[in-house]
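Enquirer: Sequence:
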Amino acid sequence: MITNNKHKVQAKISKSKLNKLYDSLLVEEAKPSQNCSIINTIKDEIIAIETKEKIGTLIRSRECFYKEDIKNIKIFKIAEEKRGTKKEIKSLFDKNNQATCDKNSIIQIILDFYSELYTSDGFNDQEVDEYLGKIELNELKDEDWSALNQFISKEECLNNIKDFENNKSPGIDGLGKEFYLKFWNIIGDEVVEIVNNIYLKGELTETMKMGIITLNYKNKGDKKDLKQWRPISLLCFDYKLITKTLAKRLSKVINKLVDIKQTGAGEEKNIFDNIVSISDIFDHMNLNDIKCFLINFRPRKAFDKIKHEFLIKVLKKMNLPVEFIRWIKILYKDITSKTQVNGQLTEEILITRSVRQGCPLSMNLYALAIETLASSIRKNKKIKGINIPNLKDPIKLFQHADDCTTITTDIKD
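Numbered per the UniProt record's numbering, the sequence shown finishes at 413, counting up by one with no gaps.
Simulated from the structure, these hints should not be mistaken for lab results. Some clues are possibly wrong.
List time: in silico DSS-like cross-link candidates among lysine-lysine, alpha-carbon distance up to 27 Å [as the list claims (entries may be wrong)]:
| no. | residue 1 | residue 2 |
| --- | --- | --- |
| 1 | LYS261 | LYS95 |
| 2 | LYS256 | LYS396 |
| 3 | LYS95 | LYS381 |
| 4 | LYS396 | LYS317 |
| 5 | LYS396 | LYS261 |
| 6 | LYS227 | LYS291 |
| 7 | LYS313 | LYS381 |
| 8 | LYS381 | LYS291 |
| 9 | LYS95 | LYS256 |
| 10 | LYS269 | LYS141 |
| 11 | LYS317 | LYS252 |
| 12 | LYS201 | LYS17 |
| 13 | LYS224 | LYS305 |
| 14 | LYS87 | LYS223 |
| 15 | LYS269 | LYS317 |
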């Protein structure tokens, strides 16, 4: 285990320096003949350190703020402390459903849980090929490939850097959007060269492979149950720059591959489209005295259980270009993660399944993978769906990412 004390160490250094400055200020102000130049210099240093600390508090609070809010720092300090408390894991159930408060035991429980979750339990090529052979999936036309198979350009990278939100937690290298944006004129050419060399060589850099998993309580269920904590991967910005670029490219064509009622991925889609449609279906049912079932379900740990081999086969069946598929293989080759637990990092684990939550490309990749399930439901004759005037096919399914709502009018089945 590695202790992740960077922020704590920096805070201690700042506090120590601040205390010394205040002591020096008292000494200087107590002198019979005061040196105004020295006093003002000390005051400027104090203001600089305190301002830096306040800005850190504003950022870590994750609240929206303006420059003027630095004067009302107490409110944001409370928000920061609440976030810290929310992330703290004080007790967990082990495999025998026994609660433990021991720090080392908690870390081991988390390490074992995610090692098992992110390790593929085997892959049967023949079974998957037979399954995919039975379902119908939309295929990308060759003329659409140009949106996906080009080298990544400097202009494309810069535009995508600007699209990222500010003040987001960085990956293991500690570099975020602000660094890349500020020094782009200096490092831009080298970054683009590295990115395209990764494609040519077929392997990520070591820091790109590594993710730091942070756990966020879902605000439901027992906090001692690890399943009630959502894992978010903190990934290095250069890795996210690649996946952001691929995600934006894929977004231009993904509506040709997934159903319009999958609102989690694709341009010009919104979850409210599905909400309004379901509401209209209720009205139609009431007006025409139609009885049907609406069944809402969400596959457990859906994003975390996508096998990389399965995803690649789906992409091939959908006729995505080999250049894009090569990128996906690179992004999931020999990737690892450490989980951050109460300020400590667990041992490294190898990720052989999952699309990382925290990666800009994950939602699109998940939507493509889960389209296999959606197609199976739409073609299932036992699920009757509901017929709507002027629509050719009955409506059977609405999706938003991993949230699924099926509709059937055959109560018996």
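Enquirer: Each hint needs a verdict: does it hold in this structure or not?
Expert: Results for each hint:
About 39 Å separates the Cα atoms of LYS261 and LYS95, which puts this hinted pair outside 27 Å; it is violated. Among the hinted pairs, LYS256 with LYS396 is consistent with the structure: their alpha-carbon atoms are about 19 Å apart, no more than 27 Å. For the given pair, LYS95 sits about 40 Å from LYS381 by alpha-carbon distance, which is inconsistent with the 27 Å threshold. Distance restraint check for LYS396 and LYS317: the Cα-Cα separation of roughly 23 Å lies within the 27 Å cut-off, and the hinted pair is therefore satisfied.
A distance of roughly 10 Å separates the Cα atoms of LYS396 and LYS261; the hinted pair therefore holds under the 27 Å criterion. Between the alpha carbons of LYS227 and LYS291 the distance comes to roughly 36 Å, so the proposed pair goes past 27 Å and is violated. This hinted pair checks out: LYS313 and LYS381 have alpha carbons roughly 26 Å apart, not beyond 27 Å. Distance check on the hinted pair: LYS381 and LYS291 sit about 18 Å apart at the alpha-carbon level, within 27 Å; holds.
This hinted pair does not check out: LYS95 and LYS256 have alpha carbons roughly 44 Å apart, beyond 27 Å. Distance restraint check for LYS269 and LYS141: the Cα-Cα separation of roughly 22 Å lies within the 27 Å cut-off, and the hinted pair is therefore satisfied. The hinted pair formed by LYS317 and LYS252 meets the criterion: a straight-line CA distance of about 19 Å does not exceed 27 Å. Simply put, LYS201 and LYS17 have alpha-carbon atoms about 47 Å apart, too far for the 27 Å limit, and the pair is violated.
For the hint pairing LYS224 with LYS305, the CA-to-CA distance comes to about 22 Å; that is within 27 Å, so the pair holds. A threshold of 27 Å between alpha carbons decides the hint, and for LYS87 with LYS223 the separation of about 10 Å falls inside it, so the pair holds. Under the criterion of a C-alpha separation no larger than 27 Å, the hint pairing LYS269 with LYS317 is consistent with the structure, at around 24 Å.
In summary, the numbered hints that this structure violates are 1, 3, 6, 9 and 12.
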